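Asker: Fit chain Y to the given chain S structure using the hints.
Quick mapping for you: the protein sequence lines, in order, are chains S and Y. First residue of the first sequence? That's 1 in our numbering, and the numbers climb one at a time after it. First residue of the second sequence? That's 1 in our numbering, and the numbers climb one at a time after it.
If you're looking for bench data, these hints aren't it; they were derived computationally from the structure. It is possible that some hints are incorrect.
Restricting the straight-line Cα-Cα distance to at most 30 Å, the calculated cross-link-like pairs of lysine-lysine (DSSO-like) are [claimed, not checked]:
#, chain 1, residue 1, chain 2, residue 2
1, Y, 122, S, 12
2, Y, 184, Y, 29
3, S, 675, S, 137
4, Y, 29, Y, 15
5, S, 16, Y, 208
6, S, 750, S, 675
Values in this document were obtained by computation on a predicted structure and should not be read as measured data.
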Amino acid sequence: MSRTSSWQSVQKLSVKLLWRDWRGGELNVLVAALLVAVTTVTGIGLFSDRIQNSILDEAGSLLAADAQITGSREVPVQWREQAESMGLRTAHITSFQAMSFGQEGRLQLASVKAVSDAYPLKGELEVSDVPFGVSEKTTKGPQVGEAWLNSRLMASLDLSVGDTVGVGDADLVVTRVLINEPDNADGGFSFSPRVIINEADVPETGAVQVGSRVRYSLLLAGDVDSYYDKWKPQQGDHHRWRNVTDANERVTETLDRADSFLLLAGSLGVVLAGVALALASKRYAQRQLSHVALLKTLGLTPQRITQLYAGNLAIIGFVVVFLGIASGWLLHWVFLELFSGLLPRALVGPTMRPFIIGALTGFVCLLAFALPPVWVLKDTPPSRVLRSDVAGGTVSQWKTTSLGALAVIGIVYFYSGSWLITAILILSGLVAIAGVTLLARLLILAARRLGSRLGTTWRLGLASLHRHGSQNGFQIMIFAMALMLLFILTLLRTSLLTEWQRQLPEGTPNHFAFNIFEQDRAGLESLFVQEDIQSTPFYPMMRGRLVEVNDEEIGERLERLRPDGDDFRRELNNTWSDVLSEDNEVVEGEWFDAQDTEQLLISIEQDFASALDIQIGDVLTFSFGGQMVNAPVDNIRTVQWDSLAPNFYIIFSRPVLGGQGAAYLTSFYLSQEQKPLLVNLLSEYSTITVIEVDAILEQVQSIVSQVTKAIEFILSLVLMSGLIVLVASVQATLDSRLQESAILRTLGAKAAVVRGALAIEFVALGALAGLLATAGAEIALFFLQTQLLNMDFQPNIYLFILGPVIGAAIIGIVGLMSTRKVTKVPPLIVLRQI
Amino acid sequence: MNADSNTIIETRKLKQEVPNREGSLVILKGIDMSVQAGQSVAIVGVSGSGKSTLLGMLAGLDTPSAGAVFIAGQDITQMDEEARALLRGEKVGFVFQNFQLLPSLTALENVMLPLEVRDEPKAQQTAQQWLERVGLQGREHHYPQQLSGGEQQRVAVARAFASNAPILFADEPTGNLDTETGRKIADLLFELNSAQGTTLVLVTHDEKLAARCERQLRMTAGELVEVSL
Numbered sequence: 001m002s003r004t005s006s007w008q009s010v011q012k013l014s015v016k017l018l019w020r021d022w023r024g025g026e027l028n029v030l031v032a033a034l035l036v037a038v039t040t041v042t043g044i045g046l047f048s049d050r051i052q053n054s055i056l057d058e059a060g061s062l063l064a065a066d067a068q069i070t071g072s073r074e075v076p077v078q079w080r081e082q083a084e085s086m087g088l089r090t091a092h093i094t095s096f097q098a099m100s101f102g103q104e105g106r107l108q109l110a111s112v113k114a115v116s117d118a119y120p121l122k123g124e125l126e127v128s129d130v131p132f133g134v135s136e137k138t139t140k141g142p143q144v145g146e147a148w149l150n151s152r153l154m155a156s157l158d159l160s161v162g163d164t165v166g167v168g169d170a171d172l173v174v175t176r177v178l179i180n181e182p183d184n185a186d187g188g189f190s191f192s193p194r195v196i197i198n199e200a201d202v203p204e205t206g207a208v209q210v211g212s213r214v215r216y217s218l219l220l221a222g223d224v225d226s227y228y229d230k231w232k233p234q235q236g237d238h239h240r241w242r243n244v245t246d247a248n249e250r251v252t253e254t255l256d257r258a259d260s261f262l263l264l265a266g267s268l269g270v271v272l273a274g275v276a277l278a279l280a281s282k283r284y285a286q287r288q289l290s291h292v293a294l295l296k297t298l299g300l301t302p303q304r305i306t307q308l309y310a311g312n313l314a315i316i317g318f319v320v321v322f323l324g325i326a327s328g329w330l331l332h333w334v335f336l337e338l339f340s341g342l343l344p345r346a347l348v349g350p351t352m353r354p355f356i357i358g359a360l361t362g363f364v365c366l367l368a369f370a371l372p373p374v375w376v377l378k379d380t381p382p383s384r385v386l387r388s389d390v391a392g393g394t395v396s397q398w399k400t401t402s403l404g405a406l407a408v409i410g411i412v413y414f415y416s417g418s419w420l421i422t423a424i425l426i427l428s429g430l431v432a433i434a435g436v437t438l439l440a441r442l443l444i445l446a447a448r449r450l451g452s453r454l455g456t457t458w459r460l461g462l463a464s465l466h467r468h469g470s471q472n473g474f475q476i477m478i479f480a481m482a483l484m485l486l487f488i489l490t491l492l493r494t495s496l497l498t499e500w501q502r503q504l505p506e507g508t509p510n511h512f513a514f515n516i517f518e519q520d521r522a523g524l525e526s527l528f529v530q531e532d533i534q535s536t537p538f539y540p541m542m543r544g545r546l547v548e549v550n551d552e553e554i555g556e557r558l559e560r561l562r563p564d565g566d567d568f569r570r571e572l573n574n575t576w577s578d579v580l581s582e583d584n585e586v587v588e589g590e591w592f593d594a595q596d597t598e599q600l601l602i603s604i605e606q607d608f609a610s611a612l613d614i615q616i617g618d619v620l621t622f623s624f625g626g627q628m629v630n631a632p633v634d635n636i637r638t639v640q641w642d643s644l645a646p647n648f649y650i651i652f653s654r655p656v657l658g659g660q661g662a663a664y665l666t667s668f669y670l671s672q673e674q675k676p677l678l679v680n681l682l683s684e685y686s687t688i689t690v691i692e693v694d695a696i697l698e699q700v701q702s703i704v705s706q707v708t709k710a711i712e713f714i715l716s717l718v719l720m721s722g723l724i725v726l727v728a729s730v731q732a733t734l735d736s737r738l739q740e741s742a743i744l745r746t747l748g749a750k751a752a753v754v755r756g757a758l759a760i761e762f763v764a765l766g767a768l769a770g771l772l773a774t775a776g777a778e779i780a781l782f783f784l785q786t787q788l789l790n791m792d793f794q795p796n797i798y799l800f801i802l803g804p805v806i807g808a809a810i811i812g813i814v815g816l817m818s819t820r821k822v823t824k825v826p827p828l829i830v831l832r833q834i
Numbered sequence: 001m002n003a004d005s006n007t008i009i010e011t012r013k014l015k016q017e018v019p020n021r022e023g024s025l026v027i028l029k030g031i032d033m034s035v036q037a038g039q040s041v042a043i044v045g046v047s048g049s050g051k052s053t054l055l056g057m058l059a060g061l062d063t064p065s066a067g068a069v070f071i072a073g074q075d076i077t078q079m080d081e082e083a084r085a086l087l088r089g090e091k092v093g094f095v096f097q098n099f100q101l102l103p104s105l106t107a108l109e110n111v112m113l114p115l116e117v118r119d120e121p122k123a124q125q126t127a128q129q130w131l132e133r134v135g136l137q138g139r140e141h142h143y144p145q146q147l148s149g150g151e152q153q154r155v156a157v158a159r160a161f162a163s164n165a166p167i168l169f170a171d172e173p174t175g176n177l178d179t180e181t182g183r184k185i186a187d188l189l190f191e192l193n194s195a196q197g198t199t200l201v202l203v204t205h206d207e208k209l210a211a212r213c214e215r216q217l218r219m220t221a222g223e224l225v226e227v228s229l
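Just chain S, with the same shape it has in the complex (with noise of 0.2 Å):
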């Protein structure tokens, strides 16, 4: 017999036998795993190659460029001619305050941003011809002569397309309405009603003089960090660099701790599936044992048996994989339209890498869980054929364990790329192992004793329950572990959830008010009061700049200190103040108390502290326009910067040069049916400026909504892949289960008592599962809130009832499903199929 014909043979037969147990359900489980592990996998996997891969190349647009240098005085030209020699695209803007005329002698102070032929360099421009229209896309602004103004200003000037506005002193035809700019975000804080003109009619507007506040950036795209590298020697005191985290900041954070979240769960999601697949194939490889024998004593040989079955496995995993990828392609366009609202607006095609992932995902978890029950039934004695209790070909438990934990491991360093998270995990996952060893056997035990002394049903379920001890224990952990690792994130996502609403509760400002005059505060209080706004106390803030510490020059420290990011020599806004606000936290010192008002003393802000390594007792020495303070630190405090309400780097405890010259700063928030009183308040109070912040915050609140969204979405899935383990963890002992009760019923006991009997066990199994779960969960979430999310900790103290009873009706009700046909067909039936 030629060998390729035999090996066509065995091939043949592997499809055919594959076919019919796939037919006959006995695959279910472990195709369902190994779908779910590279579904998951594939998914997520190409979810964040894609916003990676898109907002790397898209979050410029934030800025609409890689990187913008700003600054009160005109670029130089020789860093622009730099920029372009060493490749780069570059663009500038000008932006200034001007007045706008429009219809009827109407008027209003405008943001004119006045910009350059080849801007945007990143992102597009949302226009429209109507105010408040439908918007389109362009990546080109106003050609000279024209000016696109936003829908605001179109209303407040009553003017239409076509119409002639004035910017200044020149005169322009508006072409567009403005509905959106891609560096809107940049900060998000459009002072006035926005118009944008091209950079070459700025002279005409003559609005730019000597002394008039105007704002000047070059912005840059291309590879801006090795210019960075050059620039920065050149900087002087009046530009500043931003890039792209710079501008992002709180997005990145909440998109960070989501994106944490998903990795997390994702390796979670294929580490439970991962078990599933070693249970189901254990089960899978139990059922062939025979079938093996019966194929020896027929002639075939141990090496044909072992590449009928590898042959079996490796069409599965062929199968699934594609499979599997293919559902993932689905899943990461679920994800996609959960986010859609803050995803890049064109998205980057995805790289190879999270196919390739997806199916090295599914490969590692055949061979790692699924192979080794299944490569030793070439072991299988064919004497089996004549008495069924021959043992079958047994892998060492060992082996096994090693080779899955390694597995677990490596899967978990891959996906979360961090050592903590795999070392929290394993750790806990050790825990539960060592409790369950010793509680399970314990409590197994004083459950046979107590269950001695009750009635039948109970009797029979408790000793069941002891008489299978080590197979429970097994089967107590494995459930544990899935319980454990779905406690953990549900509560993980919970308290996510709670630290998200908590930095942006309902009524968070969305209006900052500033350059408020003394003479103004009172009117404006009681405005505040007449019309039910909720404010922020008033600030009172004056601009000053850090000279001295120590009698160091701030200069000479910074160039001993080097600290990377911030411009420390800028002007600062400071105030006085003997409240500590609720989202600022003394954590050296003790905030100012009555007799600390009798002097003046500073309260610093602590990553401000750091940088320029300024401790307590400190003399800080300030310039506020020329006249110079002494002050020495008093204390050391956190802010919370990303709370939306006036914070500050330094706070005095008193008023600085007797309050002289100071104007207020306050927040408030207003709601959309709130909005028109701004008009009002800005024609009472001409001289306030308001800065709207609503559209950032409905960005920022947006942004949670839908990553709570994808969050739970994803917990949907990892709950999946938890309940097939719990499936394929009931199945694996299903035979010995259906054996005993099928022996029961034969012996006349009811229906009732049977499921009564198996109720208990499941349930008592699910019990216990649950509380060594929650021990096991609490103690992975204080690491992982703790070291890895940076939140704070808080036992759940519910969760240990919780846990167990959840874990009892879980398991309980998977455990009784499973075993249904025990009373539904008659015992004969499943003696014989066993």
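Answerer: What follows is chain Y alone, placed relative to chain S:
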């Protein structure tokens, strides 16, 4: 090797011991026997006497603690499992008490199985013919669970003969069947055996069935004695 070239099965001092709590349990106590090609031999004995163990050894399904088993002149105790499997495929057919059909294959596919394992051409055709010979025409595409016990055993008999192996081992072939069906199966088995000229080694505790064989060997407490007829 036995000088008699007609000997197809031979054992020499075949011993099987299994460890138990008291030390070890001797199941086969050094058995010497031989079977000529074309003979029908019954091994009888009470439950637990070791007859099935002996059958397992003779068929190369199990390996002894000591001694040798020769099949067609080859010492199978010196072979590895790979070689034994190949030998079984070529020389041995089986009929079991519990039929041992693959539940996921149809009657026809079950009969085809040994032919496919040996990669025989026209496997389907041969299997079809054998199913007809055992009286199961029209039931080819039924699964084992759709067949009665007697029908399942007919499929098993067809499978045993289809591979055209010179030796047939039968382990309590009528043990799971009622008397009437058992008789019919026995008739079929002996009829086909004599038609094919196969060597039949049959394990049973049914004296009537045993009596239909040319030789009877009685297994008592691990020892084998020829029963004079």
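Asker: Now tell me if each hint is right for this structure.
Answerer: Consistency of the hints with the structure:
no. : hint          : verdict
1   : Y:122 x S:12  : holds, 15 Å
2   : Y:184 x Y:29  : violated, 35 Å
3   : S:675 x S:137 : holds, 28 Å
4   : Y:29 x Y:15   : holds, 5 Å
5   : S:16 x Y:208  : violated, 41 Å
6   : S:750 x S:675 : violated, 72 Å
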